[in-house]
Amino acid sequence: METQQQLDDFQARIDAGEKIEPKDWMPERYRQQLTRMGSQHAHSEIVGMLPEGNWIGRAPSLKRKLVLLAKVQDEAGHGLYLYSAIETLGESRANMIDQYLYGSAKYSSIFNYPTLSYADVCVIGWLVDGAAIVNQTKLAHCSYGPYARANLRICKEESFHKKQGYEMVAKMAEGIPAQRKMVQDAVNRFWWPTLMMFGPHDSDSPNSEELIKWQIKLNTNDELRQHFVDRVVMEAGAIGLTLPDHDLKFNEETGHWEMGEMPWDEFWNVVKGNGVMNRERMKARRNAHENGAWVREAAQAYARKKKLSREKAS
Amino acid sequence: MSSDTITREQAYITYLLRLADDRLILGQRVSEWCGHGPVLEEDLALANMALDLIGHASALYGHAADIEGEGHDEDYFAYFRDDYEFTNLQLCELPKGDFAFTIARQFLFSSFSYFQYERLKKAKDEQFAGIIKKHLKEIKYHLRHSRDWVLRLGDGTEESHKRIQNAFDEIWMYVDELFYTDQIDELILADGNGADLISFKEEWKKLVEETLTEATLTVPDWDQFMMSGSRTGMHTEHLGHILAQMQFLRRSHPDADWK
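As you go down the protein sequences, you meet chains S and A in turn. Under this note's numbering, the residue at position 6 of the first sequence is numbered 34, and the numbers go up by one with no gaps. Under this note's numbering, the residue at position 121 of the second sequence is numbered 124, and the numbers go up by one with no gaps.
The hints are simulated quantities; they were obtained by calculation from the structure and are not laboratory data. Accuracy of the hints is not assured; some may be wrong.
Claimed, not checked - Dumping the calculated DSS-like pairs for lysine-lysine here, alpha-carbon to alpha-carbon at most 30 Å:
| no. | chain 1 | residue 1 | chain 2 | residue 2 |
| --- | --- | --- | --- | --- |
| 1 | S | 335 | A | 165 |
| 2 | A | 165 | S | 340 |
| 3 | A | 124 | S | 334 |
| 4 | S | 340 | A | 209 |
| 5 | A | 124 | A | 208 |
| 6 | A | 209 | S | 91 |
| 7 | S | 91 | A | 124 |
| 8 | A | 262 | S | 91 |
Said to hold, decoys possible - Covered, in the sense of this in silico footprint (three residues per stretch, anywhere, with C-beta under 8 Å from a C-beta of chain A), are these stretches of chain S:
| no. | stretch |
| --- | --- |
| 9 | 72-82 |
| 10 | 97-111 |
| 11 | 204-217 |
| 12 | 319-326 |
Keep in mind the model is a prediction, meaning the values are calculated, not measured. For glycine and all other residues, C-beta sits at the position ideal for the given N, C-alpha and C.
Chain A with its partners taken away, still in its complex shape (with noise of 0.2 Å):
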């Protein structure tokens, strides 16, 4: 893709989408743990957690629609894609694993979204400004959790410990990603709608060693190889068989209504 022959909306709308995409498929996976918590308190947590993220998309894919303007909802972007038209983090995408993985790639992904709501909330469009300010409160409170979770785990017995540490040191090569920019963020941001990304690497690393390493844990290599290629189409194949369970009964009765 290229600057020039894309338009300033059709740079709007895949970025809505990216954002979207994150949500709604993390959103998914931590719906996998409902029922299936450690502890009471944490279903109703991660249902809670859930619950917002694939709401955060839903306020974002409808934004997109409107933008769009031809004639489709929310629902079209989440059930009428396929995986390589999906710009989610690979992040997102890994099976739930055990509470340690969950907790760690939920604090990484939260921390990072706090960040990049803090910016987004001054948008120019009203909107979008709106239901970003909305929704941080909600992030803030995912980041309070996920974080209290790293340090309960890390600090905890040696056996929480050593999974939590593997659960950072196997997501690890998934988080320069967060960082990805490229045409589609100069635009929006010129535009006085996006996130500088790089303003706040440096803080968002810095939150995330302090948390760390008050949790007694080791803060993996930076500069280890990362992955790269979500917001372009590339993800595992774990993506597919999410939206073959996630897109099955919708695309089987496409003329059903179902809201």
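Pulled out of the complex, with its shape left as it was, chain S reads as follows (with noise of 0.2 Å):
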């Protein structure tokens, strides 16, 4: 039973920004509420291999070729550092990914929308990741250490993937008109679904409350949407791009960029199952893992047998 003091000693070092480790006392419901989003966070990168690794195979040069890989590998980098960092909470990696390929847990609904041509890819890294960004760049700095740290860690390489993006998305768009077509019409379908990615208006967002009083969340989602918003007018208009919000308007005495109203019916819906990939994405990975069972087993029993044979021969 927790008591109101170990609360209140709890809230006290959150509040004088100490770190939270693995075998420091801990609120039930703080362990659980980050389980639920590191391991949210973990699965998201790596169903986020797939959208892009769509496109390894056809990319139209070399160089980009080798950038793909570089990038889809370190999605798959950072879905190890996340499921390392939770399991300091106590649940296995194994169970997480049992939890997301057949129970409830979530992963990010932006990548169940498809990437129909290259400039996908290209948006993705600098819409897509841009966005990531700014949400990791806030979770490295939150309350269990851990999570904060490998936060931190990708980061720098997230950094880096935006970067590469927005370069491919700038060429594109002063490009040939097959280009600028491309990549403009990717800008359509991704800019929503971005946006859409920071979460629910704060007033529909029931667990923000608790994961700011926490340190968990040091943002609201609306106030990092905005932060990413007033970024990307400026980056969109630098390269000729135009974002498909008829809305957009520069408020002078807030000096922030006010957006449209998103289409949240369509949100709900992807988030429900129905997107143009939830089942795919869900297909491929549980094929993976359960193509991949022999494979696990197999190590296992060789791990086994080695261990037996050292301890016979000592």
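Got two chains here, separate frames each, mind docking them using the hints?
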């Protein structure tokens, strides 16, 4: 049973900006919320390999093929850091994976959209990684030590991805007409889904208050989204791309870009599993997991045999 | 192709393209695992190997383009040649199969590459030797990684043993081509830039046999029927589909800047 004194002491540590480490006492609810959020983050990195992986085979130059492969490889690495960070809370990686393949754990809905052209993977680098950086830069300062450190490491690589994505988007935006058309189309399709990566409006975000109290989250969804939009509007303008929001306007008083209403019906529909690629993504991940079962079993059996023969020898 | 109609320069370009084509096509195949690996660590390892292989190909194509001196770049060789112009081994173009097949192929190819690169690193062409030395480090890692998996799968469970044995049995008729040589090799070897493949054939076979034996596997028959022809443009039908996928976007918009 958690006493009020424990809870107060814990809150005092958070308020003093201390990092919580795995062996420290923490409220059960803090552990649960972090496990939920962190594992969801890890699953997103893994599922995120699929839409971009879709273009590795077709990347239009060897350089771009290498860039894309390296990026997708980084995402697998991010998944690993995150699973490791969350495992310190007492949940095994195998369990977390089971939860998202066969249970109720979620991953970011952005990966349920298809990559229809090569420009999509460039725009994902620019917008989706750009949005992820906004989130992760904050998470790098969150109250749980291992998760904060994992995010810090991720941010360094994500910044590089975003830079490469924007570089290619810019190149296509000033390229031949076919490239310009491709890249504008990709921006049109990914704009709203990217903004929705920050989650529902604060008024519809039931977990936010508690997460902020414990400094698992440091800013609200709307604050982060605004921060992102203010930056991207400038970046899009610089390379002559149009963002598909007719209501987008600069508010002189607040110094912020105001956006139009987001298509929330679509967002909730995709969250519920009805996006173009939801079923495909889950199928691909389940297949990988199930078809790999014999490989994991073989590795375990071999390790057992080796351990046994080492024990016999000594 | 006869030696009196081919210049040393043409021979050298062909030699480099053979090396590069193997790596590009195998890299393309290995990259198909991305996001579909049996365990997260293997997703990383396989993506890493694909990255290395394609990187190696790119450097070799670039060097071939420099020697050719016609203003081509590495992409020209990857994107603007057809099936019959590719000289990669059939071994490299076969579909990725299950994890056992991917590992069996990688082990055979990486072990061969290891011996080959150990010789190529002494090439007279310093730039070429520099490329080889850099890549050799990565090849050693590929060899270690794939060899470890041959042992794990061979001596793991009944199922993994069966799968990796099947993989070696299936792929065996493609291994003889690794040691194919013709006038191109002779010319380049004479120039001090080639690897004498025959010089390490027995050593390579010994490594393969010892590994398979340690993995409790049966070494397939070296004297069975063996495929040939890759180095002069004979391929399975799989290659055309790899190229169709790999080249379509680049060829659809050849005037666009994609770098």
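Structure-based check of all given hints:
| no. | hint | in the structure |
| --- | --- | --- |
| 1 | 335(S) to 165(A) | 23 Å, holds |
| 2 | 165(A) to 340(S) | 27 Å, holds |
| 3 | 124(A) to 334(S) | 36 Å, violated |
| 4 | 340(S) to 209(A) | 29 Å, holds |
| 5 | 124(A) to 208(A) | 21 Å, holds |
| 6 | 209(A) to 91(S) | 37 Å, violated |
| 7 | 91(S) to 124(A) | 25 Å, holds |
| 8 | 262(A) to 91(S) | 6 Å, holds |
| 9 | 72-82 | holds (count 4) |
| 10 | 97-111 | holds (count 9) |
| 11 | 204-217 | holds (count 3) |
| 12 | 319-326 | holds (count 8) |
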